[in-house]
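Please work from the sequences and hints to get the whole structure.
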Amino acid sequence: MSEVSALIGKPWKKPPFIQRPWLRWLLIVGFVAYLIAAFSTIEVNWSRVYAGLERGEKFILAFTQPDFTSRSSDIWEGMIESIVMTVASSVVGIAISIPIALGAARNVAPLPVYLICRSIIAISRALQEIIVAILLVAIFGFGPLAGFLTLSFATIGFLAKLLAEDIESMDKVQAEAIKASGAKWTQWINYGVQPQVMPRLIGLSIYRIDINFRESAILGLVGAGGIGATLNTAFDRYEYDTAAAILLIIIVIVMALEYLSGVIRARVQ
Amino acid sequence: MPVQDLKGQKIWQRRTGRESLGHWVIWLIGVAIFAYCWQQISASTTWFFVWDAPRIANDIWTRATPPRWEYIAQLGKPIWDTLNIATLGTIFSLILAVPVAFMAARNTTPSRFIIRPIALLIIVSTRSINSLIWALLLIAIIGPGVFAGVIAIAIRSIGFCAKLLYEAIEEIDETQVEAITATGASRWQVMAYGIVPQIMPAFAGIAVFRWDINIRESTVLGLVGAGGIGLQLSSSLNVLAWPQVTLILLVILAAVVISEWVSAKVRGAII
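First to last, the sequence lines map onto chains A and B. Counting with my numbering, you get residues 1 to 269 for the letters of the first sequence. Counting with my numbering, you get residues 1001 to 1271 for the letters of the second sequence.
Don't read these hints as lab results, they were simulated from the structure. Misleading hints may appear alongside valid ones.
Only pairs whose alpha carbons sit at most 30 Å apart, straight line, appear in this in silico BS3-like list of lysine-lysine [to be verified]:
| id | chain 1 | residue 1 | chain 2 | residue 2 |
| --- | --- | --- | --- | --- |
| 1 | A | Lys58 | B | Lys1163 |
| 2 | B | Lys1163 | B | Lys1010 |
| 3 | A | Lys172 | A | Lys184 |
| 4 | B | Lys1007 | B | Lys1163 |
| 5 | B | Lys1007 | A | Lys184 |
| 6 | B | Lys1163 | A | Lys14 |
| 7 | B | Lys1010 | A | Lys184 |
| 8 | B | Lys1007 | A | Lys179 |
| 9 | B | Lys1010 | A | Lys179 |
| 10 | B | Lys1265 | A | Lys14 |
Following this line, the structure appears as structure tokens:
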């Protein structure tokens, strides 16, 4: 009661987001010190920025009149290659990640298999797509094969991890019921596990196709095929209207994929 | 229930005849598309290089090991730059993403038919273009360097942060907002006392999550000239200094693992 009566008459103050005062002040002081240190090391050439603003304006204006025609064959070839890479790598990546996801789920796989599959996932997730692409281009030569392998490899880490988490959190009762009917291991997976994780698998796969398409747009920068090479050339030649056209196509395809994935996910769930 | 009659014995089946036919057609189309795609890839591949690949990989491996450890003395500044690109980029993007998120959320948008679609368009277009492409573009406009990297990361992150944030705003408890409104609070007071405290944990979580992703992305921005450790990576690759490349890759790997650990810890503490 005394606490309440002590508070009467005093104006209310919003409680702070971080309760402990020493931690709050430490974070604030540390953050400000970091910001000062960071800003003091960044060199900005303001005259160069000012000179470039005109070019920036030109680029933004290019979006109002993108040039789809004058480089249409290059754009078309690059886009087809990007889409081909996306489809092929998604199919292969998903096909490989399903067994790895089964192996990385503790309630399905024994410990040694679990550890192997988890380390495959960890390696695939830790390595950046573009770095993998550089190495694979060095090994396999220029062209879409390196991009295809890169995207397949990246798909494994993403899909197998999320799918394994879903398998681990599945309803045990259904799987046990199938086992009690005398099912073999493959039948158990097929009738006890697979129906439970199927909606999630479809949702994740479509999401990954979307990501793979976006990534395929940059793999061309390091020579791994796709629209990126065309885009890079357009930037280098200051052909902003062509670059704007390519970016608009990418945005439209990503939007379409996102819409499609929303529709399909709503249907399977 | 689909049941097949086999010599007077009823056998359970998973699908009816028509359903399984439909499945077969879908699979057939899928396989045909995949075969076509594979053919396209195969046609533009020099297969001689592929058969030669194990030898090349082995060759690169022998050149790349052991890593040139003494080179790490030159990596301090690039790593600091990379950290700055990721952190400052995240801060700028959050500053830009908050108003976009409030404009995109159904319950806080000032106008549902004009401003909300514009905000959603900003979210989609910034999200669908990779930070490397933003960096390429900004280098052409404002010149190479760390600053271009910061802006590229900032623009790229707007969509991600704003999308997650507006979903959090749409899920808030309306009764709290109503209670604040009932006290006679102005529009801004409702926002500050009714909405902001509810989305603060989500906001902090999104910030740290995106910072973690940005550390990953900023390590490679240097490949196109936007500063950070990627610059060292691309110059080492250009002079075929493979032992240096190995060391840089190890440093990048360590940075990614540390940032993921930090972000997991902080998010665990918030939620």
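Against the structure, the hints come out as follows:
no., hint, verdict
1, A:Lys58 / B:Lys1163, "holds, 29 Å"
2, B:Lys1163 / B:Lys1010, "violated, 53 Å"
3, A:Lys172 / A:Lys184, "holds, 16 Å"
4, B:Lys1007 / B:Lys1163, "violated, 59 Å"
5, B:Lys1007 / A:Lys184, "holds, 26 Å"
6, B:Lys1163 / A:Lys14, "holds, 27 Å"
7, B:Lys1010 / A:Lys184, "holds, 21 Å"
8, B:Lys1007 / A:Lys179, "holds, 28 Å"
9, B:Lys1010 / A:Lys179, "holds, 22 Å"
10, B:Lys1265 / A:Lys14, "holds, 26 Å"
When held up to the earlier numbered hints, the structure conflicts with 2, 4 and fits the remainder.
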